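Asker: Letter by letter, the chains look like this.
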Amino acid sequence: MHEITPREARRRLDHLEAATANRDAERRIHALATAGFGVLMGGYLTISRVVEETRFETVALVLYVVLLGALAAWQTRGALAWPRHARRTSWLGLGGTFVLFMGAVVLFNVREVAREDGGAPGPENVVLLVAAGVLTATPMLVAAVRIRRGGGV
Amino acid sequence: MSTEEKAGAGHARHRLDDVIHAPVRFSIVATLAGVDEAEFAMVRDEVEVSDSALSKQVSTLEQAGYVRVRKGYIGKRPRTWLSLTAHGRRAFSDHLAALREIAGG
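As given, the protein sequences belong to chains H and P, one line each in that order.
Following the numbering used here, the numbering of the first sequence begins with 964 at its first residue and continues without gaps.
Following the numbering used here, the numbering of the second sequence begins with 1387 at its first residue and continues without gaps.
Be aware that a few hints might be false.
As the list claims (entries may be wrong) - Label pairs and their in silico Cβ distance ranges:
#: 1; chain 1: P; residue 1: 1490; chain 2: H; residue 2: 1098; range: 50 to 60 Å
#: 2; chain 1: P; residue 1: 1427; chain 2: H; residue 2: 1051; range: 15 to 25 Å
#: 3; chain 1: H; residue 1: 1029; chain 2: P; residue 2: 1408; range: 19 to 29 Å
#: 4; chain 1: P; residue 1: 1463; chain 2: H; residue 2: 1090; range: 43 to 53 Å
#: 5; chain 1: P; residue 1: 1463; chain 2: H; residue 2: 1019; range: 34 to 44 Å
As the list claims (entries may be wrong) - Covered, in the sense of this in silico footprint (three residues per stretch, anywhere, with C-beta under 8 Å from a C-beta of chain P), are these stretches of chain H:
#: 6; stretch: 969 to 975
#: 7; stretch: 1021 to 1035
Hints are computed from structural coordinates only; laboratory data are not their basis.
Note that this is a predicted model, so its numbers are computed, not measured.
A virtual CB, placed ideally from N, CA and C, is assigned to each residue, including glycine.
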């Protein structure tokens, strides 16, 4: 049995508030990294189609992989903790972005084949490419905002 | 809670968790309650204890099933991450409820 006075109990509860204070630095890092991954994936989706079959195709891929690695390293080294629910929120955002990324790749491939079958091969509509890139990045951008504000999923 | 139930549960101090009640372990669990996972070094700095003192207390919490310890690397540097288990979160929540009851007088 523990003998503890109401005053001591209050002191411990006050300590708890300080210990669980909003982890602003960690939230900022994870939010920026999550947004960065989303922008990179959405950006690559668009740019890879624009530079397809040009000499910049490989450059874009290498740059994409290097930036992803650098961002992951920065996030891992910079944050000492995952604030409550931030990891799950980030993974859900990544899941959404990945599904949209793959869906867009399939959609653009189908449209490309249709254009070729129709005897009018050519590049994809740039506005559509940009819209797909923005849409693809959206789940991770939303996740980033939720992480920054301290909301969970 | 009815009067009978309150009488059955006894004074709130009986519901304080033995493992969590110790001041350093309370601070460790309180720090971990606000995160999904934290690096050993961060917890050490926040709780203001030495590496060995933290290791000892974390072992006690781990044996009680309250804390999970994960070891890994960042680059070539070994790192240790700590997190509360679901059982640990429940125990902490019950402990806090007892503390609040006591604090309320």
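Asker: Okay, which hints does this one fail, numbers in order?
Answerer: Going through the list in order, the structure violates hints 3, 7 and respects the others.
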